[in-house]
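Student: Protein sequences appear in the order of chains P and F.
Mapped onto the numbering used here, the consecutive letters of the first sequence carry residue numbers 220 to 577.
Mapped onto the numbering used here, the consecutive letters of the second sequence carry residue numbers 220 to 577.
It is worth saying that the hints were derived from the structure and are not from the lab.
For clarity, every value in this text was computed on a predicted model and none was experimentally measured.
Be careful, since some hints might not be right.
Pairs count within a copy or across copies, as identical chains cannot be separated in the list.
Unchecked claim - The list that follows gives simulated cross-link-like pairs (lysine to any residue, SDA-like), each with its CA atoms no further than 25 Å apart: (1) Lys389 to Leu274; (2) Lys389 to Ser459; (3) Lys389 to Thr332; (4) Lys322 to Arg562; (5) Lys389 to Ala245; (6) Lys322 to Ala443; (7) Lys389 to Ala443; (8) Lys322 to Arg537; (9) Lys322 to His386; (10) Lys389 to Ala402; (11) Lys389 to Val558; (12) Lys322 to Pro554; (13) Lys389 to Pro262.
There are 2 protein chains.
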Amino acid sequence: MGVGTVDTVMQTTQNDIFLRACRRQAVPRTPLWFMRQAGRYLPEYRAVRSQHDFLTMVRTPELAARVTVQPVEILGVDAAILFSDIMVVPEAMGMILHMVEGKGPVLPEPIRTRAHVEALPHPDPESALGYVMGAIRQTRGALDGRVPLIGFSGAPWTLAAYMVEGHGSKTFRRAKAMVYGEAALAHALLGRVADAVGDYLLAQAAAGAQALQIFDTWGGLLPAPEFAEFSLAYIARVVSRLREANVPVIVFCKDCAHSLEAIADTGCDVIGIDWGTDLAEARRRVGARCALQGNLDPAVLFAPPEVAARHSVDVLERFGRGEGHIFNLGHGILPETPVASVRAMIAAVADESPRYHD
Amino acid sequence: MGVGTVDTVMQTTQNDIFLRACRRQAVPRTPLWFMRQAGRYLPEYRAVRSQHDFLTMVRTPELAARVTVQPVEILGVDAAILFSDIMVVPEAMGMILHMVEGKGPVLPEPIRTRAHVEALPHPDPESALGYVMGAIRQTRGALDGRVPLIGFSGAPWTLAAYMVEGHGSKTFRRAKAMVYGEAALAHALLGRVADAVGDYLLAQAAAGAQALQIFDTWGGLLPAPEFAEFSLAYIARVVSRLREANVPVIVFCKDCAHSLEAIADTGCDVIGIDWGTDLAEARRRVGARCALQGNLDPAVLFAPPEVAARHSVDVLERFGRGEGHIFNLGHGILPETPVASVRAMIAAVADESPRYHD
């Protein structure tokens with residue numbers, strides 16, 4: 220695996236249909252990648268993971284690059300997405316982070332006070348998150364222009380929710396109590412997180428990420444008015460800063476179908492559509508303002524391969540003819556997903572999507 | 220506490236504003252009850268719970284009646300809802316049920332085969348679920364006509380999801396794989412569960428339940444087309460059978476705002492609206508076809524009491540003037556909720572709601 224240099228950033232991407240679809244340009248078939256594609260459903264990923272713990276993989280550019288490239292080489296997806304974790308930003312902001320098997324991220328010293336918010340350092344991405352930039356450079360070298368590389372971050376609200384709650388939760392009641400009961404404190408925290416996220420994503424683009432996705436996994440925990448005020452306003456601030464990077468920006472807010480038009484208003488290039496939202500209706504509502512990415516239900520991949528193939532074509536059909544569709548799952552692939560169904564999905568989209576394009 | 224008899228069923232209900240609002244009749248103020256109101260947030264409930272395990276309370280009419288009446292006497296809500304659990308129906312259908320602290324229901328022998336589906340007995344409610352009917356009769360006696368008593372069941376899909384998965388899950392991937400990959404088997408199971416639910420709810424009404432709520436906690440796990448086919452079709456079958464009971468029927472499908480019109484099509488009297496859905500928009504879409512119940516975010520109750528009061532008035536304002544609103548939370552109250560905020564919510568609705576009625 221080569222070490223990336225400025226030269227690799229300048230290289231021509233051989234398969235650029237993902238980047239073209241992000242900009243609603245003409246493509247001969249619908250590009251496909253999927254969330255968590257560098258993950259545990261792949262035996263080749265599990266082989267690496269069995270030798271290293273999760274955070275070691277995240278923090279070691281060579282390992283992160285190796286699993287990032289796996290789905291490109293094994294499955295033939297049209298974009299790579301960096302293997303990393305959204306929780307690296309809270310950690311770079313000084314919070315202690317543990318990954319607990321079966322439980323996810325745990326922050327043993329969650330934020331509950333203004334003093335804690337004001338003490339959060341503003342992380343310099345190249346020093347505090349240099350391992351991510353290293354992973355991007357190494358991945359670009361390893362990809363050698365075959366497909367584009369997507370960088371990402373958690374959305375400010377999603378990160379702040381973990382930082383206040385201290386761990387994953389069905390309800391995030393502490394984080395939401397701050398929104399409802401201590402709005403000024405929530406805004407102070409979100410402003411700092413948004414500044415960190417903006418710098419982090421700009422640094423990813425400078426290191427070689429060719430598109431950037433903002434994941435608002437927990438946007439759906441807020442009713443629409445609070446989503447607008449405490450989540451989308453900060454996503455919009457980040458998207459606005461990313462204009463200077465001149466790479467496509469994808470915004471994926473889970474369970475936020477109520478706000479598709481407002482998400483388009485952020486100026487993002489692509490809106491990620493979750494599996495609970497009808498893609499045809501999303502297209503009607505968003506129109507020509509953004510490309511749409513999605514939205515096969517990840518649970519479909521537990522059905523037999525022919526069912527996965529049929530539902531994948533249904534997704535193409537729901538979007539319909541024309542440009543601006545990137546095929547994806549409607550949420551991350553689940554760890555136990557059988558690879559045979561993943562291959563059936565990919566083959567169906569490759570075979571059937573050309574008739575949706577001129 | 221008296222033992223209920225047929226006489227208690229015939230008695231006049233002193234505070235019937237809940238029942239009148241279910242039928243969109245005029246009321247002087249907006250009635251209020253809330254999901255899981257007989258629950259762990261109340262110290263008086265925890266006192267009973269500390270002496271008995273959860274399923275013992277469910278199965279002992281005297282205990283179930285005692286905690287059912289608590290929120291009426293302590294907080295002054297406008298309806299009681301029977302303390303019970305949706306998992307009693309799968310258990311009555313022959314499945315082994317454990318309640319695991321911090322994990323919820325566990326069914327150690329989940330359904331995976333047609334043979335298992337076909338071997339499920341059809342439970343006779345008065346024998347297999349006689350303890351529920353006993354609890355209803357005792358509660359009616361204890362309430363002595365002060366407020367109406369609501370009975371309930373899980374929706375067929377929600378129950379089937381647990382029966383196939385074997386436990387709660389963020390994704391219910393096995394249950395969904397059956398929907399996607401073995402639709403005929405899923406329909407066979409859902410048909411049997413719907414028949415059991417219909418008989419169960421009719422028996423509750425015969426025992427004295429004065430309204431019936433169907434909880435589809437996991438309806439939102441299905442995209443709209445699958446929700447229509449595998450959940451709502453069976454809810455509609457149950458609602459249709461309940462017409463003969465001549466009591467209001469409430470349908471609450473969590474995270475199913477995409478299908479409000481279709482839920483109204485079931486012929487239910489009331490639609491439960493979750494906190495993620497805008498109540499004003501729900502009213503516009505449903506119109507005069509059904510009353511609406513909801514929808515304060517339960518997380519609001521973790522903010523200070525004055526915030527809980529303000530957001531409660533916001534809910535009244537979102538529904539607006541006129542009849543057909545039952546105030547409720549948009550999902551069950553959370554166990555650690557401070558009672559002071561609950562009282563602030565109740566006081567705000569009592570004080571402010573008269574101006575929304577003629």
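Student: Is it within, between, both, or neither for Lys322 and Pro554, if the alpha carbons may be no more than 25 Å apart?
Tutor: both (14 Å within a copy, 21 Å between copies)
Student: Can you give me the call for Lys322 and Arg537, within, between, both or neither, at a CA distance of at most 25 Å?
Tutor: neither (35 Å within a copy, 37 Å between copies)
Student: Taking 25 Å as the upper bound on the Cα-Cα distance, should Lys389 and Ala443 be classified as within, between, both, or neither?
Tutor: both (18 Å within a copy, 22 Å between copies)
Student: Given a CA cutoff of 25 Å, do Lys389 and Ala245 count as a within-copy pair, a between-copy pair, both, or neither?
Tutor: Neither way: Lys389 and Ala245 sit 41 Å apart in one copy and 38 Å across, limit 25 Å.
Student: State whether the alpha carbon distance between Lys389 and Thr332 is at most 25 Å within one copy, between copies, both, or neither.
Tutor: within (23 Å within a copy, 31 Å between copies)
Student: Given a CA cutoff of 25 Å, do Lys322 and Ala443 count as a within-copy pair, a between-copy pair, both, or neither?
Tutor: neither (28 Å within a copy, 30 Å between copies)
Student: If the cut is 25 Å between Cα atoms, do Lys389 and Val558 qualify within a copy, between copies, both or neither?
Tutor: Close across copies (21 Å), not inside one copy (29 Å); limit 25 Å.
Student: Are the CA atoms of Lys389 and Pro262 at most 25 Å apart within a copy, between copies, both, or neither?
Tutor: between (30 Å within a copy, 23 Å between copies)
Student: Give the relationship of Lys389 and Leu274 under a CA distance limit of 25 Å: within one copy only, between copies only, both, or neither.
Tutor: both (24 Å within a copy, 23 Å between copies)
Student: I want to check one pair: Lys322 and Arg562. Are their C-alpha atoms no more than 25 Å apart within a copy, between two copies, both, or neither?
Tutor: neither (29 Å within a copy, 34 Å between copies)
Student: Under a CA distance limit of 25 Å, which applies to Lys389 and Ser459: within one copy, between copies, both, or neither?
Tutor: neither (31 Å within a copy, 33 Å between copies)
Student: Check Lys389 against Ala402 for me: Cα-Cα at most 25 Å, and say if that holds within a copy, between copies, both or neither.
Tutor: within (21 Å within a copy, 29 Å between copies)
Hint check: violations occur at hints 2, 4, 5, 6, 8; the rest are consistent with the structure.
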